[in-house]
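*Asks:* Sequence:
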Amino acid sequence: MTRRTMVAVTAVVAVVGFALAAVVYNRSVEEQAAAALRAELLVRPHSPVFGPMDAPVTIVEFFDPACGTCRAFHPIVKQIRREYPDTVRVVMRYVTFHNGSDQVVRILEAARLQGKLEPVLEAVLAAQAAWSPHGGGAPNLANAWQAAGNAGLDVTRARRDTLKPEITAILNQDMADVNAAGVDKTPTFFVNGRPLPSFGIDQLFALVREEVAIARGGS
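Using the numbering used here, the letters of the sequence shown correspond one by one to residues 303 to 521.
Don't take each hint at face value.
[Stated by the list, open to error] FRET-style restraints, in silico, Cβ to Cβ:
#1 495 with 424: 25 to 31 Å
#2 519 with 484: 40 to 46 Å
#3 481 with 432: 26 to 32 Å
#4 458 with 378: 31 to 37 Å
#5 370 with 471: 25 to 31 Å
#6 462 with 499: 40 to 46 Å
#7 512 with 439: 41 to 47 Å
No wet-lab data here; the hints were simulated from the structure. All C-beta atoms, glycine included, are put in the ideal place defined by N, C-alpha and C.
Between the sequences and the hints, there should be enough to build the whole structure, so can you do that?
*Replies:* Okay, here's the thing in structure tokens:
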């Protein structure tokens with residue numbers, strides 16, 4: 303190979319290398335931008351958080367209080383929190399696909415104003431069959447209120463609070479994010495921004511364990 307040929311080859315390799323580096327860089331920038339946008343869609347400042355605020359692993363659950371599968375997954379999510387009390391937090395996003403869900407979300411947010419979100423959530427889910435119209439028809443919201451009151455909610459105050467514009471804003475923002483994120487069923491989970499590869503209990507546990515291992519410096 304002549305010196306001129308070697309110079310030409312070296313120049314071509316350099317150009318190709320630069321082009322590849324540019325592609326990789328651009329892809330990295332695009333991925334970072336997409337991740338930032340996804341993070342904003344998934345977690346809002348108003349979102350209820352269960353677990354340490356600074357936990358390195360975040361499960362985002364798009365949750366409809368009238369959804370039977372959400373109720374079935376609730377103890378699973380609690381089990382994950384018990385297994386990783388210092389490492390995992392759960393961020394709840396509201397979805398109102400079912401008839402009456404928006405009113406029950408208002409009850410939950412009124413309970414949060416009283417510092418009673420978790421016990422009221424537990425009570426409302428336990429009583430879901432009594433108020434949610436799974437077979438069609440109108441929801442029996444009186445039963446949802448009764449369950450919340452039995453869990454310690456000041457119902458008189460809560461009925462006033464459900465009308466607050468900030469609660470309406472939370473409902474509107476969450477449903478806007480539901481649409482933007484392409485969520486079409488509940489529950490939908492993301493773990494540190496990653497969707498489940500397929501829906502299921504084992505898949506949720508596996509993705510959480512993977513992210514916990516990464517957070518702890520493992521592989």
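*Asks:* For every hint, state whether the structure bears it out.
*Replies:* Status of the hints after comparison with the structure:
1. 495 with 424: 25 to 31 Å: Given range 25 to 31 Å: holds, Cβ gap about 28 Å.
2. 519 with 484: 40 to 46 Å: For residue 519 and residue 484 the Cβ distance comes to about 33 Å; the hint is violated.
3. 481 with 432: 26 to 32 Å: holds, 30 Å
4. 458 with 378: 31 to 37 Å: With a Cβ separation near 35 Å, residue 458 and residue 378 satisfy 31 to 37 Å, so the hint holds.
5. 370 with 471: 25 to 31 Å: At 28 Å between Cβs, range holds.
6. 462 with 499: 40 to 46 Å: holds, 44 Å
7. 512 with 439: 41 to 47 Å: Holds, since residue 512 and residue 439 (Cβ atoms, about 42 Å apart) stay within the stated range.
Checked against the numbered hints above, the structure violates only hint 2.
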